[in-house]
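Chemist: Order-wise, the sequence lines are chains A and B.
Numbered per my numbering, the first sequence spans residues 1 to 57.
Numbered per my numbering, the second sequence spans residues 58 to 188.
Take the hints with a grain of salt, since some may be wrong.
[Stated by the list, open to error] Taking CB as the label site, the calculated pair distances span:
id, chain 1, residue 1, chain 2, residue 2, range
1, B, T128, A, R28, 39 to 49 Å
2, A, V46, B, V101, 42 to 52 Å
3, B, V155, A, E29, 36 to 46 Å
The set of hints was computed from the structure by calculation and includes no laboratory data.
For each residue, glycine too, the CB sits at the ideal point set by N, CA and C.
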Amino acid sequence: MTSHFGLMLLFGVFVSLVFALLMRDDPREQVRFGAMLFAGIVGAGVVFGWLLYALPL
Amino acid sequence: MAKRRAQPPPESPSPVIVCALAWAIPGAGHLWLGRSRTGGILLVALPLMYGVGLWLDGQLFGVDLAQPLTTLSGLADIGIGVLYFVAGFLDLGEGRVVAATYEYGNTFLVVAGLLNALVVIDAYDIAVGRK
Numbered sequence: 001m002t003s004h005f006g007l008m009l010l011f012g013v014f015v016s017l018v019f020a021l022l023m024r025d026d027p028r029e030q031v032r033f034g035a036m037l038f039a040g041i042v043g044a045g046v047v048f049g050w051l052l053y054a055l056p057l
Numbered sequence: 058m059a060k061r062r063a064q065p066p067p068e069s070p071s072p073v074i075v076c077a078l079a080w081a082i083p084g085a086g087h088l089w090l091g092r093s094r095t096g097g098i099l100l101v102a103l104p105l106m107y108g109v110g111l112w113l114d115g116q117l118f119g120v121d122l123a124q125p126l127t128t129l130s131g132l133a134d135i136g137i138g139v140l141y142f143v144a145g146f147l148d149l150g151e152g153r154v155v156a157a158t159y160e161y162g163n164t165f166l167v168v169a170g171l172l173n174a175l176v177v178i179d180a181y182d183i184a185v186g187r188k
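Please construct the entire structure, taking both the sequences and the accompanying hints into account.
Modeler: Spelled out as structure tokens, the structure:
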């Protein structure tokens, strides 16, 4: 659970949950928006992770 | 033509009190305004996120004007309301810098506080009839 990826998933759940509640009123839209936001956070995290992997510091 | 502003419900409480309550206890402002589902979820989710941050050995920062970046982190931490002071009273949030999860813990703590600040603004919008 405390792996980098697991913590990113957990972070994404919390952030997308709160934003979905605040930015949409209809429960169905909240679920849809929250799922899209979660997918965006995780997808962007994976993409940036691989980009940084190619840039050794 | 000027846009008409939505009026708050006649029996709605003072926006200042709603904001203070929403800051002190995450979700309480929404609960008071009758948004029980939203308030209930926030009441569970934000303290849980804060708790995860503490569990990950994150540090609760204070307000130190000599160190502006620390002050910003401290203000974000305080955004969660009463929980910040309870955690300090219980000696939680000391932060263990050598822990692998230290920075993750800090991130969870800071973001939980900032998300609660957004919740306060949302409660204000509801209280004044903007939403």
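Chemist: For the hint 39 to 49 Å, verify it against the beta carbon of T128 (chain B) and that of R28 (chain A).
Modeler: holds, 42 Å
Chemist: 36 to 46 Å was suggested as the range; check whether the CB atoms of V155 (chain B) and E29 (chain A) agree with it.
Modeler: Holds, at about 44 Å.
Chemist: Given a hint of 42 to 52 Å, does the C-beta separation of V46 (chain A) and V101 (chain B) actually sit inside it?
Modeler: violated, 28 Å
In the structure shown, a violation is registered for the earlier hint numbered 2 alone.
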